[in-house]
Amino acid sequence: MNNDINFNKVLISGVINAVTDTNDKYIKFGITTRKYTTKEDKNVYVSLNIARELYHIYKDYFIKGNKIYIKGYLNSYIDRNKKIQSFITVTDVANNSEEIIKGRKAPHIREDDDGVLIWDGNRCESTPATLEEQKKMEEILSEFK
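Numbered by our numbering, the letters in the sequence shown go through residues 1 to 145 in order.
Some clues are possibly wrong.
As the list claims (entries may be wrong) - Using 27 Å as the maximum straight-line C-alpha spacing, the simulated BS3-like pairs for lysine-lysine come out as follows: (1) K136 - K102; (2) K83 - K25; (3) K82 - K25; (4) K9 - K39; (5) K71 - K25.
As the list claims (entries may be wrong) - Label-pair distances were calculated between CB atoms; the ranges are: (6) D24 - D60: 17 to 23 Å; (7) G103 - N23: 16 to 22 Å; (8) K35 - S97: 43 to 49 Å; (9) Y36 - R110: 21 to 27 Å; (10) E138 - T89: 21 to 27 Å.
Hints in this document: simulated from the structure, not taken from any laboratory. Quantities reported herein were computed from a predicted structural model and do not represent experimental measurements. Virtual Cβ for every residue (Gly too), placed ideally from N, Cα, C.
Starting from the given sequences, assemble the full structure and let the hints guide the process.
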């Protein structure tokens, strides 16, 4: 058995209690989850960071009060007061536990604020066909008229 292996994977779920745009790379958010104990019924408040690119794919999940499921890893830094600040860096999010545990079966599709469909973070905007393309389409479809 190899004792040199380190595991740093976190699976957590909870209700979003805050979302803050803190810098160019990350969005910080908080969740409220349950304390792991059989003797008490208390809340735990967790601070998480998600890369801006990943946040924009799943932006519709990040609404205060929404239940969210998260996969990530533990991270930390030492602040100005020489205190260790711990947080979770998110690598995946979902609105159901199956997608986090077993993996996604389909891309994430949502509608942006301006009504354009977003497919796994990419806008699906249509571009009008050129005259040449229109003629070619008419030619292809002519046998069905």
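- [ ] Could you tell me which of the numbered hints above are not met by this structure, giving the numbers in increasing order?
- [x] 1, 7, 8, 9 and 10
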